[in-house]
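Note that the protein sequences, when read in sequence, are chains V and W. Take the first sequence: its letters are residues 5 to 309, numbered as in this note's numbering. Take the second sequence: its letters are residues 5 to 309, numbered as in this note's numbering.
To be clear, the hints were calculated from the coordinates, so they are not data collected in a lab. This one's a predicted model, so the numbers in the text were calculated from it and none came from an experiment. Worth double-checking, as some hints may not be accurate.
No copy is singled out in the list; a pair is fine if it fits within one copy or between any two copies.
[Unchecked claim] Calculated lysine to aspartate or glutamate pairs in the DMTMM-like style (CA-CA distance at most 25 Å, straight line):
#1 LYS57 - ASP282
#2 LYS117 - ASP247
#3 LYS117 - ASP245
#4 LYS266 - ASP245
#5 LYS266 - GLU131
#6 LYS251 - ASP88
#7 LYS57 - GLU303
#8 LYS248 - ASP88
#9 LYS137 - GLU119
#10 LYS57 - ASP283
#11 LYS117 - GLU250
There are 2 protein chains.
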Amino acid sequence: MNSENELLILGCGSATPTSNRFPTSQVLRMRDQLFLVDCGEGAQIQMRRNHVKFGQIDHIFISHLHGDHYFGLIGLLSSLHLLDRRKTLVLFGPPELWSLLEIQFRASGTRLKYEIDFRPLRPNTEEVLLDTKKIKVESLVMKHSIDTWGFLFTEKSKPRNLIKSKIEEYNIPRYVRDQIKDGGDLTRDDGTIIPNSELTTAPPPIKSYAYFSDTAYRPENIEKVSGADLMYHETTFTDGDRDKAEKTLHSTTLQAATMASKAKVKKLVIGHFSARYDDASELVNEAKSIFEATEGANEGARYIF
Amino acid sequence: MNSENELLILGCGSATPTSNRFPTSQVLRMRDQLFLVDCGEGAQIQMRRNHVKFGQIDHIFISHLHGDHYFGLIGLLSSLHLLDRRKTLVLFGPPELWSLLEIQFRASGTRLKYEIDFRPLRPNTEEVLLDTKKIKVESLVMKHSIDTWGFLFTEKSKPRNLIKSKIEEYNIPRYVRDQIKDGGDLTRDDGTIIPNSELTTAPPPIKSYAYFSDTAYRPENIEKVSGADLMYHETTFTDGDRDKAEKTLHSTTLQAATMASKAKVKKLVIGHFSARYDDASELVNEAKSIFEATEGANEGARYIF
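The task is simple: from the sequences and hints, build the whole structure.
Below you can see the structure in the form of structure tokens.
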């Protein structure tokens, strides 16, 4: 098991793809599970370039139905079919998404070899989407020109660290180690009990990742994502272009940074820059004036947390 | 004006795109007009890489609704909108295509800034799709698992070559030169008439391009494309895999080459190779055994004719 989590940016452009800028898509690895978050055109090309194994993705989250966030989905789903996938795929997305996909599969006469378990997101509702032993995923409400969601990924409690020297000292058999990592005491052959506190140290801290897809500034989300280890926040415009941000219901650098600052996240990654800016550095610098731990996203960038 | 025509391959893979293989899409330049033929995922990325100007494309032809031939279309049409296109775009495709596009535009709340003049192709029917002063485009009937069309692009008559020395000899004014190129005689100021045959030589020969998208061998097409200067023909399988070709209604190397040979085309380009072949050379060599002037397509390849 890899104890670190990682966010891989497949694309962080806004709108039209170019030869090296891809629209929004990212792969989150958390507790050794892969989650695909949005799927702009070319996402599958970027997955191959970045050595993401298609078969390891069992959950896809689509934030909204603007094309730069989902036009690559039908191609990816078709490829999984051609690659002979048999495992069920869980797909979260806006309710209308399913009919958009179905009509295209029907037109091509495709009967998928695998099941898609489509779970429609509920408009204007924060809800728990996934709750497994290791991870909880919740939806966030964005403020955009069509129904749009963000996502909050949070680790569940982790196993405690078993102290190596204690394994030797008490000759702890392999089959009880997981129990002890889960907080149990050790009962020795002679009946004596060694309390868990003597055998383990506290587990590594719980990590979380907050994804803000396309949204105007919405302070109601601050508390929800408070303390997140990593936040991705769209930052389409500079502060000077805040009238454009208002009109299109996008965020400026200062708004994204304010969100990160007020939510006291550990790191902010910004992307989805409008094509009007040749260079992301201006946007990153503006954001840093409010929230120092800001980075500008790039295709292929990886963030460990 | 550029008197040469050119076929640019944007993608010639079958099915799933990879980091350097793109699904089917090509740009035909004929008589200085650009035609986009099929539009697999990533076509717009490939257009940028190959310096094709988006605004110069006024006609798109979609051969059928298997995803590897059209999944890039919705993204391209959206980009044209974002790039502020105002000119009408003429789109030829299977009748169901329009509803697939409309439902996606509706879901994103997009009202296109330009008009799409959608012209549904008629199943199992050869017809003239476009007939301008310079070019005629006709549909071809393919034999595939869903309704599928090919396309035949033919130049219309070209202007005759005006002999340079005659321009000087008779001091032919600029404004009558086009008339003479179109076959007219020259009436001089003193009333004498110089016949066209003395002033011009025959125009360059009429060129044509035949596109066979996805199809089993269908000899009925031979006569239709007879003498084409360039033929692109899908060649998904080797002769050894002809059972797979039969089952999936695709062509083998020998079938594509037979079509080229019987139609007496000048050059054959093959593509759409199944991912089972690491190397296209085997397929090209097989085709050459029947039709020597065969080339294997590659992303970015250009064929002048």
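Legend entry - Indices of hints not satisfied (ascending): The structure breaks none of the hints.
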